[in-house]
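Starting from the given sequences, assemble the full structure and let the hints guide the process.
Residue 71 in numbering that gives the first Met the number 0 sits at position 72 of the sequence shown, and the numbers go up by one each step.
Watch out, some of these pointers could steer you wrong.
Only pairs whose alpha carbons sit at most 30 Å apart, straight line, appear in this in silico BS3-like list of lysine-lysine [as the list claims (entries may be wrong)]: (1) K54 x K17; (2) K1 x K54; (3) K39 x K20; (4) K17 x K58; (5) K20 x K54; (6) K39 x K17; (7) K1 x K58; (8) K2 x K58; (9) K2 x K39; (10) K2 x K20; (11) K17 x K2; (12) K17 x K1; (13) K1 x K20; (14) K39 x K54; (15) K1 x K39; (16) K58 x K39; (17) K54 x K2; (18) K20 x K58.
Hint data in this document are derived by calculation from the structure and do not stem from the laboratory.
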Amino acid sequence: MKKTIMLEELECAHCAAKMEKAVGELAGVESCSVNFLTQKMEITADDGAMADILKAAEKIVKKIEPDVEFVVK
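Structure representation (structure tokens):
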């Protein structure tokens, strides 16, 4: 499934690249793209990988949008 996660306070392009690499290497993640300018992370992953994805993202970004709403594309 494809999902878009809104990120808040992603500080720099380096942090975006770091998050993209960390999430992209997780089991069950087919692809991950983080855009620093739009503050969005687009992923293609198994449903079971979401908890690990959110844990990895929370280590880098200060805050994930409250009550994270996933937009299925």
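Hint-by-hint comparison with the structure:
1. K54 x K17: holds (14 Å)
2. K1 x K54: Answer holds: K1 to K54 is near 18 Å, not above 30 Å.
3. K39 x K20: Distance ~15 Å between K39 and K20 Cα, so the pair holds.
4. K17 x K58: OK: K17 and K58 at ~10 Å, within 30 Å.
5. K20 x K54: holds (14 Å)
6. K39 x K17: holds (14 Å)
7. K1 x K58: Roughly 22 Å separates the two Cα atoms, so the pair holds.
8. K2 x K58: holds (19 Å)
9. K2 x K39: The hint holds at about 10 Å.
10. K2 x K20: holds (17 Å)
11. K17 x K2: Roughly 19 Å separates the two Cα atoms, so the pair holds.
12. K17 x K1: OK: K17 and K1 at ~20 Å, within 30 Å.
13. K1 x K20: Holds, because 17 Å separates the two Cα atoms, which is no more than 30 Å.
14. K39 x K54: Status holds; Cα separation ~16 Å.
15. K1 x K39: With a Cα-Cα distance of about 13 Å, the restraint between K1 and K39 holds, given a limit of 30 Å.
16. K58 x K39: holds (16 Å)
17. K54 x K2: Since the Cα atoms of K54 and K2 sit roughly 16 Å apart, the hinted pair holds (cutoff 30 Å).
18. K20 x K58: holds (13 Å)
The earlier numbered hints are all upheld by this structure, with none contradicted.
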